[in-house]
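A.B. asks: Listed here are the chains, written in short residue letters.
There are 2 protein chains.
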Amino acid sequence: MQSLKRTKIVDLIHCTEFGSTVNVKGWVRTRRGSKNVNFIALNDGSTIKNVQIVADVEQFDAEMLKQITTGACLSVVGTLVESQGAGQASEIQATAIEVLGTCDADFPMQKKGQTFEYMRTHAHMRLRTNTFGAVFRIRHNMAMAIHRYFHEHGFFYFHTPIITASDAEGAGQMFQVTTQDLNNLPKTEEGQVDYANDFFGKQASLTVSGQLEGELGATALGAIYTFGPTFRAENSNTPRHLAEFWMIEPEVAFNDITDNMDLAEDFIKYCIRWALENCKDDLEFLNNMVDKTLLERLHFVVNNNFLRLTYTEGIEVLQKAIAEGRKFEFPVTWGTDLSSEHERFLVEEHFKCPIILTDYPKEIKAFYMKQNEDGKTVRAMDVLFPQIGEIIGGSEREESYDKLVARIEELHIPMKDMWWYLDTRKFGTCPHSGFGLGFERLILFVTGMQNIRDVIPFPRTPRSAEF
Amino acid sequence: MQSLKRTKIVDLIHCTEFGSTVNVKGWVRTRRGSKNVNFIALNDGSTIKNVQIVADVEQFDAEMLKQITTGACLSVVGTLVESQGAGQASEIQATAIEVLGTCDADFPMQKKGQTFEYMRTHAHMRLRTNTFGAVFRIRHNMAMAIHRYFHEHGFFYFHTPIITASDAEGAGQMFQVTTQDLNNLPKTEEGQVDYANDFFGKQASLTVSGQLEGELGATALGAIYTFGPTFRAENSNTPRHLAEFWMIEPEVAFNDITDNMDLAEDFIKYCIRWALENCKDDLEFLNNMVDKTLLERLHFVVNNNFLRLTYTEGIEVLQKAIAEGRKFEFPVTWGTDLSSEHERFLVEEHFKCPIILTDYPKEIKAFYMKQNEDGKTVRAMDVLFPQIGEIIGGSEREESYDKLVARIEELHIPMKDMWWYLDTRKFGTCPHSGFGLGFERLILFVTGMQNIRDVIPFPRTPRSAEF
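Line order of the protein sequences matches chains G and P.
Reminder that position 62 of the first sequence reads as 62 in my numbering, one-by-one numbering, no gaps.
Reminder that position 6 of the second sequence reads as 6 in my numbering, one-by-one numbering, no gaps.
With the rest of the complex left out, here is chain G (with noise of 0.2 Å):
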C-alpha cells in the first residue's frame, strides 16, 4: 500500500477515471451496512464531503471489521467507481482496509445533534465535526482573501508588537506580563512592586492595537496592514467578546476619510466575494444546517453599495423613529454611542443596507481622530452589518501635532509613553487614515455562526484557557 500515493478526498471527488485504484485515508464518520456489505463515510478534513467506501464483509477480516467504528482511522485502497446511490458521484469498492488508529468508545463527538456548548467543551475534538470543519476551512480562506486583497493592492504585512510598554488607545483594560516570581515580588522603600528586574525593566501588557505601530509603518512603507493576535481583558462573558481574538488594521498614508470608506467597502466586499467563490461546499452546509439566510445575506452585502451617512444624521433617523412610536431599550441621544440596537435598526429596519457612519462626537472617540472644524466631531467612521452592528471601525487621522498634543493634553493621556508616536507629526507628518476589523466578527458574519466562540480554535475566556 506505502507505493500507492494517497489521494485527497476534496481532489477525488472531482475525479471520474473510474476503474483506477486509489488510496484514501481519514476517518470514519459513519458505518452502516448489512451483512454482506459495510457503507464506510469517510473524511479527512480537506472538504465537508465524506467518500462512500464499498467493502464486502466476506473479503475482509472479521475483527479488522469490527474496529471499523465513528472516529476510527483508515487508509482505505480501492477502485474508484461511479456511485450506485445518491448524493455523490463515485465511490470506493475496496480491496485494501488498514486501521491506522482505532476510536475508543468514550469518543466525545459520537453523536449526531450534540450542541455548540457541549462540543465547546470538547474544542480539541469538535474540529473533527462537519460544522467546525466547514467553519474553520473558512476562517482559513477569509484569512487568505484577507492577505491577498492587501498584497495585490501594494500593501506592507507588517508585525506590530504583541508585547507592549504603553498602553495604546486606552481600549480596555489590559492583560500584564511579567517573569518575576509572584509569590516572591521585589518592592521599591515606597512598598510598591519593583519592576527594575523585570524581564523588560518595567512593567509590560498584551497590546490592545496595533494602530499606533501601524502609523509607524505607514508613514514610512506607504500601506501596511496588521493581522495578529490582540487582547481586551474585560470581564465580558457574551457570544460577542473574546479575551484573544485576532485583528486586521490597514493603515495607509495621503488617504483622507472618504479613501478610507472606499478601502473599506471595497475590502470587504472582496473578502466575502472570495467566501461565495471559493468556500460553496462548506457555506452550502452553514446555509442548511445553521442559518438558512447566510447565503441571502452574504450575496446582499456583495451587491449593494454601502450607505454614507453621519452619525448626526443616523441620530436623526433613530429620533423620528422613536417619535414616530419605535421602542429602543437605550435613549437616543446626540453624543452618547449608538448601542447594537440602534445600529441593527439603520441597517436592518431603516436603510436595509450596510452603513457606513461617520463623523462622530469626539467625546466618545479616541484621541488621535482628526479634528472636524466644528469643534464636535471627529473624521471617524463606523461601518455597520446586519447581525452584527459594528463590523470595522477607523478614521483619518489627526495629522497636526499641535492639535493632537492638545487633545493628549486635555484627555490627561501620559505624553511620556507618546514620544515616538508624536515624532511621526513631527517629521515630515501627512494626513493617513485606517481602520480595524476584528477578525472573528468577520468570520461569524461569513458563517452564520452565532457565538464568537465556535469560530476560532481555542476561545480564551474569563475562567476559560482550555487546550
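There could be a bad hint or two in this list.
Simulated coverage check for chain P against chain G, where a stretch passes if three residues somewhere in it have a Cβ under 8 Å from a Cβ of chain G [stated by the list, open to error]:
1. 67 to 76
2. 139 to 153
3. 223 to 236
Hints were generated in silico from the structure; no laboratory data involved.
For each residue, glycine too, the CB sits at the ideal point set by N, CA and C.
With chain G held as given, fit chain P onto it using these hints.
C.D. replies: Leaving out everything else, chain P in the frame of chain G:
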C-alpha cells in the same frame, strides 16, 4: 491638485508616458541643486527607488523651497519626462509643490551611514531608510510566499492560542499573564499566590509553540499551518534571540519523516525563489550594501538538493575532521546537541550544501517525537543552512498512545495538562509530522542582515520593549 490621482513611485518608475501630468507624494530623501534648479529625491516606501523631482527655483516660493529638507513630506504635481541623468529612466519636472509636513532639524535619520545599533534606538524612524525599507518589504513578501505556498498545497491556516495554561514542550522559560493587582495579590492559606480570581482562574502564560494544538488541527483538517507570535522569556542578549518572534508550524496527517523532509525542502525553496522573483530591487540593494554574497547564497540554496544524513553520520564526519586536525570550541560526542560551529562546518566546509540531519538521540529532543526501533533515537529532523545553522526543526510524531504515555512518564511531564493532546492518540490516531520555522531566522537568511533585532519592526529583548 486634489482631482489628480496620486501615482505610487513603484508604478511611476515603470511608466513611459512622457509628457503626462502626474502627482506623487512621499518623503524627501535628499535635496541638492544650484541657484537655478533643485533636484529632490522623493521616496514613498512603495519601492527602494526614489523619483527625482526637478524644480526650477524661480518658479517656486523661496520660503516653501526652504522647507524641503530631508524627511519632509511633499505632494508634487509635474510632468513626467525622460531623465537626463544616469540611474533612472524618468523624472518629474515639477509644476506645483505642496509641503504636507515639514521636518524638524532633529530628524534622527538625517545623516547617512548611521550604524544599525543607532538606528535600533530609533526603530520608529529607521523604517524610513533604504535598508529597513528593503528589509520590511522583503519580510512582507516572505509572509506572502508562506501563505501562498500552504494555500496552494491544501493546508489550512490555523490559529493556535497565544495565551495558554499548559507548557507545550518545556521549550524554555515562559512569560506569565495575569490581571491581578501585583501590589495586592491574594494568597491561599498556605501563603502562595491564589489564582482563583485571576482572569483565567489559574496560572496562564504566553505560548512557546503552537505545535500541540496544531496536531489537533492536522488530525481533523488533514494539513494545517500556524503563523503567529511565540514567546521565550530567556535572558539571552544575542544577535540570534528575541523574546517575541513569529513562527510557522505546518503539521500534516499521514506524513512520515520522509514526506516531512520533502515538504520542508520544497517549502523553503519556494519562499527563497519568491524573494528572488519578487524582491529584485531590494535584494540587489542589500547585496550591494549589506552582504555581497547574499544573492549567490540564495541562488545556491534554490539550485541544490538538500543532503540528507543521520545525526550519527554527522557525528562521524565531525569526529573524522577532528582526528584530521580540525579544531572546534565545543567537543563532539554522540548524544549531545551539535553547536552552531559544528552545523556550519558540515554545511559550509564539508558538504557545501544545505543538510537535513535526522534520527537524533531521544534525550536531546522533545517527548512527542516518534521513537525509532533502536530505542535510542527519534525521528527528528533539523534543516541546516549556511550562515544560519538550524533554520527548521521538526519530526514525525509518536502516534502510539502507549509509547507516548511511557515517554511522558519517563520525563515526569505533568500528565494532567496533557489529556487533550493524548486524546488524539486515543481517538483514531494516525502517523503525522510537522516542523517549525522561525520567521526571523528566514528573514535573516534572505536579507543578509546579521542581527535578528533588525529584521522585526519593534524587537522585544531583555530590558527593551520600546515603541
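A.B. asks: Run every hint past the structure and note whether it holds.
C.D. replies: Consistency of the hints with the structure:
1. Figure legend: the region 67 to 76 of chain P, annotated as covered by chain G; annotation consistent (4 residues with Cβ-Cβ distances under 8 Å, at least 3 required).
2. Evaluation of the coverage hint for the region 139 to 153 of chain P: fulfilled, as 6 residues show C-beta separations to chain G shorter than 8 Å, against a requirement of three.
3. Three residues within the 8 Å Cβ limit are the bar, and the region 223 to 236 of chain P against chain G gives 6, so the coverage statement holds.
Going down the numbered hints, you'll see the structure goes against none, and every one checks out.
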